[in-house]
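Engineer: Heads up: the protein sequence lines correspond to chains B and C, in order. Last residue of the first sequence: number 409 in this note's numbering, and the count goes up by one each step with no gaps. Last residue of the second sequence: number 409 in this note's numbering, and the count goes up by one each step with no gaps.
Simulated from the structure, these hints should not be mistaken for lab results. Every value quoted in this text rests on a predicted model; they were computed, and no experiment measured them. One or more of the hints may lead you astray.
Simulated crosslink set (DSSO-like; lysine-lysine; CA at most 27 Å straight-line) [to be verified]: (1) B:Lys231 - B:Lys183; (2) B:Lys374 - B:Lys6; (3) B:Lys231 - C:Lys175; (4) B:Lys231 - C:Lys109; (5) B:Lys374 - C:Lys149; (6) C:Lys183 - C:Lys288; (7) C:Lys6 - C:Lys374; (8) B:Lys109 - B:Lys132; (9) B:Lys109 - C:Lys231; (10) B:Lys288 - B:Lys242; (11) B:Lys149 - B:Lys109; (12) C:Lys156 - B:Lys361; (13) C:Lys288 - B:Lys132; (14) C:Lys231 - B:Lys175; (15) B:Lys374 - C:Lys132; (16) C:Lys109 - B:Lys374; (17) B:Lys132 - C:Lys6; (18) C:Lys132 - B:Lys288; (19) B:Lys109 - C:Lys374; (20) B:Lys288 - B:Lys374; (21) C:Lys175 - B:Lys183; (22) B:Lys175 - B:Lys149; (23) B:Lys40 - B:Lys156; (24) B:Lys183 - B:Lys242; (25) B:Lys175 - C:Lys183; (26) C:Lys374 - B:Lys132; (27) C:Lys374 - B:Lys149; (28) C:Lys40 - C:Lys156; (29) B:Lys156 - C:Lys361; (30) B:Lys6 - C:Lys132.
Residue-level listing of the chains:
2 protein chains.
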Amino acid sequence: MTDFFKVKSLDEVLGMAQLFAPVGLEQLHIHDAFSRVLAKDLVAGEDLPGFRRSCMDGYAVNAPSTFGASESGPAWLTLKGSIAMGDIPDFELAPGEVARIATGGMLPKGADAVVMVEHTEAVDEQSIEVYKSVAPLQHVIDVTEDFPKGRTVIEKGRLMRPQEIGLAAGLGHTKIQAYQVPKVGIISTGDEVIHVEETPAPGKIRDINSYSLSALVTQAGGEPVRYGIVKDDPKALESMCKTALTHTDMVLLSGGSSVGTRDYTVEVLSALPDTQILVHGISLSPGKPTILARSGHTPVWGLPGQVVSAMVVFQVVVTAFLHRLRGLSGPVPKVTASARLSRNIASSQGRRDVVRVVLEKDGRDLAARPILGKSGLIRTMVQADGLLEIGEHVEGLEKGSMVDIILLN
Amino acid sequence: MTDFFKVKSLDEVLGMAQLFAPVGLEQLHIHDAFSRVLAKDLVAGEDLPGFRRSCMDGYAVNAPSTFGASESGPAWLTLKGSIAMGDIPDFELAPGEVARIATGGMLPKGADAVVMVEHTEAVDEQSIEVYKSVAPLQHVIDVTEDFPKGRTVIEKGRLMRPQEIGLAAGLGHTKIQAYQVPKVGIISTGDEVIHVEETPAPGKIRDINSYSLSALVTQAGGEPVRYGIVKDDPKALESMCKTALTHTDMVLLSGGSSVGTRDYTVEVLSALPDTQILVHGISLSPGKPTILARSGHTPVWGLPGQVVSAMVVFQVVVTAFLHRLRGLSGPVPKVTASARLSRNIASSQGRRDVVRVVLEKDGRDLAARPILGKSGLIRTMVQADGLLEIGEHVEGLEKGSMVDIILLN
Numbered sequence: 001m002t003d004f005f006k007v008k009s010l011d012e013v014l015g016m017a018q019l020f021a022p023v024g025l026e027q028l029h030i031h032d033a034f035s036r037v038l039a040k041d042l043v044a045g046e047d048l049p050g051f052r053r054s055c056m057d058g059y060a061v062n063a064p065s066t067f068g069a070s071e072s073g074p075a076w077l078t079l080k081g082s083i084a085m086g087d088i089p090d091f092e093l094a095p096g097e098v099a100r101i102a103t104g105g106m107l108p109k110g111a112d113a114v115v116m117v118e119h120t121e122a123v124d125e126q127s128i129e130v131y132k133s134v135a136p137l138q139h140v141i142d143v144t145e146d147f148p149k150g151r152t153v154i155e156k157g158r159l160m161r162p163q164e165i166g167l168a169a170g171l172g173h174t175k176i177q178a179y180q181v182p183k184v185g186i187i188s189t190g191d192e193v194i195h196v197e198e199t200p201a202p203g204k205i206r207d208i209n210s211y212s213l214s215a216l217v218t219q220a221g222g223e224p225v226r227y228g229i230v231k232d233d234p235k236a237l238e239s240m241c242k243t244a245l246t247h248t249d250m251v252l253l254s255g256g257s258s259v260g261t262r263d264y265t266v267e268v269l270s271a272l273p274d275t276q277i278l279v280h281g282i283s284l285s286p287g288k289p290t291i292l293a294r295s296g297h298t299p300v301w302g303l304p305g306q307v308v309s310a311m312v313v314f315q316v317v318v319t320a321f322l323h324r325l326r327g328l329s330g331p332v333p334k335v336t337a338s339a340r341l342s343r344n345i346a347s348s349q350g351r352r353d354v355v356r357v358v359l360e361k362d363g364r365d366l367a368a369r370p371i372l373g374k375s376g377l378i379r380t381m382v383q384a385d386g387l388l389e390i391g392e393h394v395e396g397l398e399k400g401s402m403v404d405i406i407l408l409n
Numbered sequence: 001m002t003d004f005f006k007v008k009s010l011d012e013v014l015g016m017a018q019l020f021a022p023v024g025l026e027q028l029h030i031h032d033a034f035s036r037v038l039a040k041d042l043v044a045g046e047d048l049p050g051f052r053r054s055c056m057d058g059y060a061v062n063a064p065s066t067f068g069a070s071e072s073g074p075a076w077l078t079l080k081g082s083i084a085m086g087d088i089p090d091f092e093l094a095p096g097e098v099a100r101i102a103t104g105g106m107l108p109k110g111a112d113a114v115v116m117v118e119h120t121e122a123v124d125e126q127s128i129e130v131y132k133s134v135a136p137l138q139h140v141i142d143v144t145e146d147f148p149k150g151r152t153v154i155e156k157g158r159l160m161r162p163q164e165i166g167l168a169a170g171l172g173h174t175k176i177q178a179y180q181v182p183k184v185g186i187i188s189t190g191d192e193v194i195h196v197e198e199t200p201a202p203g204k205i206r207d208i209n210s211y212s213l214s215a216l217v218t219q220a221g222g223e224p225v226r227y228g229i230v231k232d233d234p235k236a237l238e239s240m241c242k243t244a245l246t247h248t249d250m251v252l253l254s255g256g257s258s259v260g261t262r263d264y265t266v267e268v269l270s271a272l273p274d275t276q277i278l279v280h281g282i283s284l285s286p287g288k289p290t291i292l293a294r295s296g297h298t299p300v301w302g303l304p305g306q307v308v309s310a311m312v313v314f315q316v317v318v319t320a321f322l323h324r325l326r327g328l329s330g331p332v333p334k335v336t337a338s339a340r341l342s343r344n345i346a347s348s349q350g351r352r353d354v355v356r357v358v359l360e361k362d363g364r365d366l367a368a369r370p371i372l373g374k375s376g377l378i379r380t381m382v383q384a385d386g387l388l389e390i391g392e393h394v395e396g397l398e399k400g401s402m403v404d405i406i407l408l409n
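Assemble the whole structure, with the sequences as input and the hints as a guide.
Structural biologist: Rendered as structure tokens:
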């Protein structure tokens with residue numbers, strides 16, 4: 001019996017994401033860059049903000065002119081002028097002089113700080129009193145304080161969040177190099193599966209997985225490509241797999257959890273050119289009968305047919321591969337919440353158990369209540385707010401212990 | 001002085017989301033329903049799964065036929081037939097009879113449980129030995145176990161996550177009633193703001209806010225509509241506001257944090273027909289100089305011009321209003337992580353402080369390291385993994401205390 005028939009640990013399988021390479025690149029306008037992954041370091045082509053800028057409404061000043069100023073002994077300074085927003089001041093400040101300035105305004109030459117308007121009083125049209133001293137650069141953003149020219153400001157492999165988009169805009173990078181959105185082919189298999197538009201006769205069930213997996217792919221930053229339903233027929237499955245492999249960057253088969261179909265899924269995958277079965281079973285519950293193959297450079301998954309199992313395997317395993325294809329660098333943190341377990345949970349050693357939970361307010365804390373129910377029931381995922389992973393070396397978790405819940409949203 | 005000049009608490013402002021109504025409805029195919037909000041209860045039109053279904057590979061059986069079976073005293077049962085996937089069995093089981101069945105297969109009449117194949121042995125072509133008893137309904141999903149016909153399965157106001165999409169598919173709801181995606185108009189103001197394509201002269205700065213706010217709107221489930229930059233000119237601002245109010249469901253102005261411009265923003269907003277200034281300052285840092293008006297049925301925000309302040313106010317305040325417009329019912333939980341504070345933080349009482357933090361691994365825990373830096377520096381948001389809110393009645397937080405971080409992703 002060859003090695004691939006041994007059930008693999010979750011961590012072994014996750015490590016295999018590195019066997020695959022990120023997808024190709026494209027140039028994007030920053031309008032369209034939200035949630036995409038940067039493919040080339042972004043370098044500041046100029047200083048940001050590029051000039052000495054006020055962060056307060058008040059008076060630009062040479063800081064030493066205010067030293068020693070207090071409520072009882074204010075500094076008496078001369079108003080030299082007023083700085084319009086967006087203008088280059090056409091005058092300089094000498095010691096003892098100030099200029100009116102608004103938040104975002106450019107400091108004139110000779111000024112290195114701003115006194116807040118709250119700490120001043122206009123005595124007449126030419127004089128103001130300052131009641132508080134300021135240090136050099138106080139209430140000022142200096143020329144290179146956000147970023148100096150030449151500095152790498154966003155590294156390749158980083159997700160473009162709203163702030164990264166804003167920074168690219170601020171530096172005038174209207175176009176960026178990004179990884180393409182990986183296309184993920186989705187194929188449902190099984191003689192019992194019918195199209196969602198049809199009314200199921202007894203024994204038949206509508207194609208849930210194509211829809212839940214498509215949404216999971218979208219959520220994880222991929223583009224789903226649905227190939228519909230293939231009956232339990234090796235030739236048809238092989239043909240559909242070849243089509244999907246030609247047009248997509250990753251393929252998900254679901255169904256075929258039963259022993260017989262699983263075997264022929266492996267046979268069909270093995271028969272594809274340049275294909276290697278990498279995983280044939282993961283020590284994970286639900287989700288044990290998961291298959292992973294490499295066909296050329298493309299990962300092909302045989303996911304369980306049970307709706308909950310397919311979703312859990314996607315969340316816990318497949319997502320990491322999709323992140324790799326997207327070009328994300330480093331591990332992607334799962335979004336978790338800390339909660340207090342509301343009852344004991346038993347677990348098998350040597351296996352990663354994934355339990356669906358409801359989160360409920362419990363005073364200042366959250367309580368995590370396990371949902372009992374078979375992994376064929378989509379209801380249990382609809383009720384669930386999150387997933388609790390129980391490690392391979394843990395026999396179970398005790399009521400009242402604090403646990404990290406992977407949020408489903 | 002009228003009431004609206006009093007700075008309002010964050011909770012008062014959040015409560016005002018209820019003054020606005022959700023946007024209109026539309027019918028959507030479930031292909032397009034991910035991350036949309038359901039506008040009409042989804043009711044099961046039939047039982048799910050609708051038949052008694054196996055969750056294991058094994059043998060369908062009448063449970064009492066196995067009672068008392070053990071390794072040392074197996075039950076000896078007669079193989080009546082085999083059930084093909086997706087088929088209605090054309091035979092019934094009598095006591096003492098079994099039928100081969102795969103995961104997902106339909107149980108024949110007379111069967112109420114499934115024995116796992118691992119607990120059996122085929123003795124000859126007609127007989128199998130069963131080594132473990134099963135209870136009625138064991139390893140079976142019953143006719144209505146996911147949902148019975150007539151049950152509300154997803155309530156109006158719920159977000160369509162992958163599992164809700166899957167459930168809608170499973171029940172044959174290919175189309176759903178959903179709330180439209182709210183359109184959010186975005187206007188940048190200020191004589192110092194230039195288009196991102198331009199090279200800023202000293203004193204000028206590129207329009208960061210239009211881009212970071214657009215991405216935040218997308219992230220929060222809205223559709224951004226950018227109206228570009230308006231110079232500090234009340235007539236031009238009024239005209240642009242009117243355009244935005246005609247075409248969008250919420251309007252965000254940013255800029256005008258300086259005292260003078262803020263005043264004229266309020267004047268411009270007040271001059272619009274059927275408009276009421278609801279908020280003129282929030283006890284929030286950064287973000288105090290925030291304005292909220294109601295114009296007709298539309299919320300109009302005057303956000304601070306400082307890039308970080310505008311983003312923080314969006315995350316902490318505006319998002320709740322966008323959720324309301326989207327039709328989401330109930331409070332929307334913020335996605336948080338629990339972390340240990342790496343240093344003391346001082347805070348002002350009577351004001352909600354929002355501090356940017358970096359999250360770092362610290363043994364099994366996360367450590368939250370506050371980022372120091374002015375709210376005009378977008379760098380501080382690019383470094384940040386999350387936001388820490390410090391309550392109005394807290395003077396500060398001590399190093400080592402556990403805090404909840406709102407994740408930015």
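Engineer: Each of the hints needs a verdict: does it hold here or not?
Structural biologist: How the hints compare with the structure:
1. B:Lys231 - B:Lys183: 23 Å, holds
2. B:Lys374 - B:Lys6: The hint holds at about 25 Å.
3. B:Lys231 - C:Lys175: At roughly 25 Å apart (the allowed maximum being 27 Å), Lys175 of chain C and Lys231 of chain B satisfy the hint.
4. B:Lys231 - C:Lys109: 25 Å, holds
5. B:Lys374 - C:Lys149: 19 Å, holds
6. C:Lys183 - C:Lys288: 25 Å, holds
7. C:Lys6 - C:Lys374: Holds, at roughly 25 Å.
8. B:Lys109 - B:Lys132: 22 Å, holds
9. B:Lys109 - C:Lys231: 25 Å, holds
10. B:Lys288 - B:Lys242: 25 Å, holds
11. B:Lys149 - B:Lys109: 21 Å, holds
12. C:Lys156 - B:Lys361: 22 Å, holds
13. C:Lys288 - B:Lys132: 22 Å, holds
14. C:Lys231 - B:Lys175: 25 Å, holds
15. B:Lys374 - C:Lys132: 20 Å, holds
16. C:Lys109 - B:Lys374: Answer holds: Lys109 of chain C to Lys374 of chain B is near 22 Å, not above 27 Å.
17. B:Lys132 - C:Lys6: 26 Å, holds
18. C:Lys132 - B:Lys288: Given that 27 Å is the threshold and the Cα spacing comes to 22 Å, the pair holds.
19. B:Lys109 - C:Lys374: 22 Å, holds
20. B:Lys288 - B:Lys374: Given that 27 Å is the threshold and the Cα spacing comes to 14 Å, the pair holds.
21. C:Lys175 - B:Lys183: 25 Å, holds
22. B:Lys175 - B:Lys149: 18 Å, holds
23. B:Lys40 - B:Lys156: The given pair, whose Cα atoms are some 5 Å apart, holds under the 27 Å limit.
24. B:Lys183 - B:Lys242: Answer holds: Lys183 of chain B to Lys242 of chain B is near 15 Å, not above 27 Å.
25. B:Lys175 - C:Lys183: It holds: about 25 Å lies between the C-alpha atoms, which stays within 27 Å.
26. C:Lys374 - B:Lys132: 20 Å, holds
27. C:Lys374 - B:Lys149: 19 Å, holds
28. C:Lys40 - C:Lys156: 5 Å, holds
29. B:Lys156 - C:Lys361: OK: Lys156 of chain B and Lys361 of chain C at ~22 Å, within 27 Å.
30. B:Lys6 - C:Lys132: 26 Å, holds
The structure fails none of the hints (numbered hints given earlier).
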